Amino acid sequence: MNRILSTAATEFRIALRNRWVAIALILMAVFSLVLSLAGSAPTGGLGVDRLSVTVASLTSLSVYLIPLLALLMSFDAIAGETERGTLPLLLAYPIARWEILLGKLFAHLAILTVAVLLGHGLAAGVALWADETALAGLPALVRLSWSSVLLGATFLGAGYALSSLSRRPSGAAGLAIGLWLGLVVLYDLALLSAIVADNGGWFTTKAFPIALLANPADAFRLFNLTASGATAAAAGVGGAADAIPLWQSLTSVLVWPLVALGLAAAAFRKVTP
Amino acid sequence: MMTSTLTISDLTKRFGEVAALTGVSLSVAPGERVALLGHNGAGKSTLMKIILGLITATSGEVTICDAAPGSPAARRAVAYLPENAAFHPALTGLEHIRHYLALRGESPAQAMPLLEKVGLGHAARRRIGTYSKGMRQRVGLAQALIGQPRLLVLDEPTSGLDPVSRREFYAVLDDLAAKGASILLSSHALTEVEARTDRIVILSKGRLVAEGSLSDLRRRANLPITLHVTARNGYAPDLVRLLPGSILVDGSLHLTCVQSAKLETLGRIAGFGDKVTDLEVLPPSLEDLYSHFSRGAAP
Numbered sequence: 001m002n003r004i005l006s007t008a009a010t011e012f013r014i015a016l017r018n019r020w021v022a023i024a025l026i027l028m029a030v031f032s033l034v035l036s037l038a039g040s041a042p043t044g045g046l047g048v049d050r051l052s053v054t055v056a057s058l059t060s061l062s063v064y065l066i067p068l069l070a071l072l073m074s075f076d077a078i079a080g081e082t083e084r085g086t087l088p089l090l091l092a093y094p095i096a097r098w099e100i101l102l103g104k105l106f107a108h109l110a111i112l113t114v115a116v117l118l119g120h121g122l123a124a125g126v127a128l129w130a131d132e133t134a135l136a137g138l139p140a141l142v143r144l145s146w147s148s149v150l151l152g153a154t155f156l157g158a159g160y161a162l163s164s165l166s167r168r169p170s171g172a173a174g175l176a177i178g179l180w181l182g183l184v185v186l187y188d189l190a191l192l193s194a195i196v197a198d199n200g201g202w203f204t205t206k207a208f209p210i211a212l213l214a215n216p217a218d219a220f221r222l223f224n225l226t227a228s229g230a231t232a233a234a235a236g237v238g239g240a241a242d243a244i245p246l247w248q249s250l251t252s253v254l255v256w257p258l259v260a261l262g263l264a265a266a267a268f269r270k271v272t273p
Numbered sequence: 274m275m276t277s278t279l280t281i282s283d284l285t286k287r288f289g290e291v292a293a294l295t296g297v298s299l300s301v302a303p304g305e306r307v308a309l310l311g312h313n314g315a316g317k318s319t320l321m322k323i324i325l326g327l328i329t330a331t332s333g334e335v336t337i338c339d340a341a342p343g344s345p346a347a348r349r350a351v352a353y354l355p356e357n358a359a360f361h362p363a364l365t366g367l368e369h370i371r372h373y374l375a376l377r378g379e380s381p382a383q384a385m386p387l388l389e390k391v392g393l394g395h396a397a398r399r400r401i402g403t404y405s406k407g408m409r410q411r412v413g414l415a416q417a418l419i420g421q422p423r424l425l426v427l428d429e430p431t432s433g434l435d436p437v438s439r440r441e442f443y444a445v446l447d448d449l450a451a452k453g454a455s456i457l458l459s460s461h462a463l464t465e466v467e468a469r470t471d472r473i474v475i476l477s478k479g480r481l482v483a484e485g486s487l488s489d490l491r492r493r494a495n496l497p498i499t500l501h502v503t504a505r506n507g508y509a510p511d512l513v514r515l516l517p518g519s520i521l522v523d524g525s526l527h528l529t530c531v532q533s534a535k536l537e538t539l540g541r542i543a544g545f546g547d548k549v550t551d552l553e554v555l556p557p558s559l560e561d562l563y564s565h566f567s568r569g570a571a572p
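So the protein sequences, as listed, match chains A and B. For the first sequence, the numbering used here assigns the number 1 to the initial residue and increments by one for each residue that follows. For the second sequence, the numbering used here assigns the number 274 to the initial residue and increments by one for each residue that follows.
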């Protein structure tokens with residue numbers, strides 16, 4: 001345990017010095033504030049409280065931002081040690097590989113959690129200050145917070161896996177950005193164009209829900225939009241939220257971190273220093 | 274009582290078709306300092322990585338203090354200094370060593386004394402990013418000293434160190450060896466290995482081609498000795514005639530003779546009296562021995 005904590009403390013210090021902590025906190029704070037201030041316009045028309053609307057906007061933001069932050073923090077985790085020549089040294093120490101990964105995960109997840117709590121706290125503060133009924137949206141915000149942390153864990157795991165697979169940090173960074181583009185941006189575009197082409201056929205009714213659940217980012221969005229009933233405020237792929245039962249998206253949100261971290265452990269195990 | 278800290282028997286490692294190590298056997302006793310010599314690609318690093326348990330051997334056996342390589346007991350007993358470890362530039366030397374102490378279950382309070390021991394006390398609180406290559410190498414040495422290791426595996430430990438630092442470095446190693454730690458180090462700087470190790474092991478193309486103390490190896494190789502004779506003004510042509518096989522280089526005579534003829538040749542030169550002003554005897558250098566044994570290796 002001491003070894004894991006020491007690894008976590010060291011990683012946290014590195015993230016602090018590399019400004020990742022500052023970047024994560026500032027990004028989450030600024031975007032959350034902007035969204036909660038700008039999210040006031042549609043309130044009246046939809047008849048929901050201000051915080052619920054903010055949560056819907058924050059969900060869309062988190063789908064992009066959380067995976068990006070997680071990948072940026074994690075891509076260097078193994079490849080960086082390889083490049084600095086410290087990986088063989090570390091592996092010669094009496095510490096297991098899973099302990100190394102867990103230590104890094106603790107540090108990175110702690111940073112993400114603090115960033116999420118800061119951003120969401122600010123958003124809640126603004127909403128409550130402007131609208132007394134906003135307390136009704138608080139459960140949705142809490143749900144968004146913990147599922148954001150799980151989404152972060154998923155992409156941290158993916159980042160560690162990519163970092164193990166590529167021998168150099170530059171290669172790992174490329175793979176990480178590719179994964180982000182693929183899962184967060186292009187995946188939805190591909191699905192939308194497939195639906196348009198399919199015109200209500202087999203793909204739309206059978207494959208589409210599965211495709212959404214299979215992508216951790218989409219599952220995260222689905223889960224939060226379904227749970228808060230805020231689908232009306234969402235656009236695009238999120239509009240499909242009604243069609244998929246809550247337990248399915250919840251399962252995907254809960255299982256993905258484990259799968260990603262399992263992949264990371266498997267990829268790291270294969271690394272020969 | 275344990276007879277040897279490290280025992281390697283008939284070790285073979287293949288990477289696909291390529292044989293990196295073939296039938297290597299070696300043992301290192303407590304307190305013994307062994308230098309591993311070989312070209313790049315001779316198998317030194319592979320051998321070290323197998324000893325550390327970082328990669329597995331194809332066949333053969335390795336034991337470290339009665340434990341298998343990579344087992345928790347072996348990892349506790351072995352310290353390692355990889356070649357060119359750069360460490361994280363954003364951390365200070367002190368933070369690094371504290372972390373490594375924690376990984377070995379030792380008190381982080383020992384970090385400062387360790388850094389002082391390797392001469393980094395003044396820079397302990399500076400980031401590694403500001404360190405020179407030699408200073409980073411000292412951080413590597415400091416972490417290798419943690420927790421009284423039974424065996425130190427040092428890959429090119431003195432690369433990047435200036436001559437004074439090298440001397441200090443070997444003094445630290447001598448201390449450890451005196452306390453019973455075994456040391457296995459690889460080096461390209463043959464001259465420093467010459468004075469500072471008990472035994473030399475030469476690897477060539479993955480085979481152990483020679484093993485022994487320096488004088489052992491000298492005797493076995495039986496390489497010719499070089500003599501440099503400086504003649505008094507004007508007598509050089511005389512001496513060239515008197516010493517068959519000698520050549521004149523910049524006013525001094527260079528000749529070689531086999532080990533067995535050494536004393537006889539010296540006697541003859543002494544007999545030339547005051548025609549000779551100076552005489553230098555150059556035994557075969559470690560470089561010569563090294564290339565001799567490397568050439569003799571099986572293809």
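It is worth saying that the hints were derived from the structure and are not from the lab. Nothing here was measured: the structure is a model prediction, and the numbers come from that model. Heads up, a few of these hints could be off.
Simulated coverage check for chain B against chain A, where a stretch passes if three residues somewhere in it have a Cβ under 8 Å from a Cβ of chain A [what the hints assert, rightly or not]:
hint : stretch
1    : 360-368
2    : 376-390
3    : 536-545
Here are some of the chain A residues that sit facing chain B, going by a computed Cβ distance under 7 Å [said to hold, decoys possible]:
hint : residue
4    : T86
5    : L91
6    : A265
7    : R269
Quick reminder that beta carbons are idealized off the backbone N, C-alpha and C, glycines included.
Each hint, compared with the structure:
Requiring three or more residues with a Cβ within less than 8 Å of a Cβ of chain A, the coverage given for the stretch 360-368 of chain B holds, as 5 such residues are present. Only when three residues or more bring their CB closer than 8 Å to a CB of chain A does the claim for the stretch 376-390 of chain B stand; here the count is 3, and the claim holds. Here's how the stretch 536-545 of chain B fares: 0 of its residues keep a CB closer than 8 Å to some CB of chain A, so the rule of at least three is not met and the hint is violated. The interface hint given for T86 of chain A holds, since its Cβ lies 5 Å from the closest Cβ of chain B, which is under the 7 Å cut-off.
Because the smallest distance between the Cβ of L91 of chain A and any Cβ of chain B comes to about 6 Å, under 7 Å, the interface hint for this residue holds. This hint is violated: A265 of chain A has a C-beta 18 Å from the nearest C-beta of chain B, more than the 7 Å allowed. Against a cut-off of 7 Å between C-beta atoms, the interface hint on R269 of chain A is violated, since the closest Cβ of chain B lies about 13 Å away.
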